[in-house]
Amino acid sequence: MLYDRPYMRQTNEGSGNQSSAYINLIFFTVGVFVLQQLLNVLFPGQLPYRSNRFLTEWFALSGEHLRNFKLWTPLTYTFLHSTSGLMHILGNMLGLFFLGRMLEPILGRTQFLILYFGGTLLGAVFYLAFHYNDAFPVVGASASVFALLGFFCKLRPEQPITLLLFFVLPVTLKPKWVFWIALGISISGILGGELPNLLGNGPFTSDIAHSAHLGGLIAGVFYFRFFHEGDGLAFLKRFQTTSTRADAEPPAWFKRRSKTAKKLTYSVNRKNRDDLQTEVNRILDKINLTGFGSISEEEKATLDRAKEILRK
Numbered sequence: 001m002l003y004d005r006p007y008m009r010q011t012n013e014g015s016g017n018q019s020s021a022y023i024n025l026i027f028f029t030v031g032v033f034v035l036q037q038l039l040n041v042l043f044p045g046q047l048p049y050r051s052n053r054f055l056t057e058w059f060a061l062s063g064e065h066l067r068n069f070k071l072w073t074p075l076t077y078t079f080l081h082s083t084s085g086l087m088h089i090l091g092n093m094l095g096l097f098f099l100g101r102m103l104e105p106i107l108g109r110t111q112f113l114i115l116y117f118g119g120t121l122l123g124a125v126f127y128l129a130f131h132y133n134d135a136f137p138v139v140g141a142s143a144s145v146f147a148l149l150g151f152f153c154k155l156r157p158e159q160p161i162t163l164l165l166f167f168v169l170p171v172t173l174k175p176k177w178v179f180w181i182a183l184g185i186s187i188s189g190i191l192g193g194e195l196p197n198l199l200g201n202g203p204f205t206s207d208i209a210h211s212a213h214l215g216g217l218i219a220g221v222f223y224f225r226f227f228h229e230g231d232g233l234a235f236l237k238r239f240q241t242t243s244t245r246a247d248a249e250p251p252a253w254f255k256r257r258s259k260t261a262k263k264l265t266y267s268v269n270r271k272n273r274d275d276l277q278t279e280v281n282r283i284l285d286k287i288n289l290t291g292f293g294s295i296s297e298e299e300k301a302t303l304d305r306a307k308e309i310l311r312k
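If you count the sequence shown from 1, position 307 lands on 307 in my numbering, and the numbers rise without skipping.
FYI, nobody ran anything at the bench for these hints, they're computed from the structure.
Incorrect hints may have been included.
Unchecked claim - Within a straight-line C-alpha distance of at most 27 Å, the following computed BS3-like cross-link-like pairs (lysine-lysine) qualify:
1) Lys154 with Lys300
2) Lys174 with Lys300
3) Lys286 with Lys176
4) Lys154 with Lys174
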């Protein structure tokens, strides 16, 4: 119900049977990691790491894989992680969990997935721009998580957050500073390692794909600017022709009569009620996190309509 929130409710019935997208992503990614480790144990590869290469050969991202028409790899690489330790997948899944639980109620399931995989794709583009001729593949959800980070830093730049540095030391920073630190590290990593490799001045020896991180970060900013705020294409208005309505006013007999407002009635079946309840829950979560002023006119209309429907 509309009052089914921490600040309005007595009991909470949840938000439907559909699980959160970020939880599904975590379970699927961890499941793939477990499969990677099982393959390493059951079908070990060559020394020194004894890593099974099957999933990497088919689903990791590299220029060589694209040249071999493995066109799905710019998306699938996000589900694979390094099997030489736990830090790679642990860091990414913690980032996905904490950012996902904050952002999915604001964006909704579909838009959250668009943002997440948008970071995956733009991270792939940036990585290939520096490593298209390399055979070494890249894996990991870092670009996707960096997209969530970039979006959050632009959405709530002044809200203090506490991070665990090296998973031990608590550090409180404003998101806007987190954004600039992440941007600086990514650019310095590119200039210090990936760009010299691209120019043929040295091998790429880092195990961190800073270019993919930068692509994900930019994807988050791009999504915030062009889709969430909705004014990213405002410059196109300059090219619109100015209205000449005052110079070419149609005659009075040509004007359309204003239509009288009709009273709308709603007939809602159980499925539509569940869908509406889920949408209302999402909007109220958004209000709880970012305030009433953050919702759109369409979302306000949905709340008004729901008052009548959900009370029946």
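Now for the hints, and whether the structure bears them out:
{"no.": "1", "hint": "Lys154 with Lys300", "verdict": "holds (23 Å)"}
{"no.": "2", "hint": "Lys174 with Lys300", "verdict": "violated (30 Å)"}
{"no.": "3", "hint": "Lys286 with Lys176", "verdict": "holds (21 Å)"}
{"no.": "4", "hint": "Lys154 with Lys174", "verdict": "holds (11 Å)"}
Going through the hint list in order, the structure does not satisfy hint 2, though it satisfies all others.
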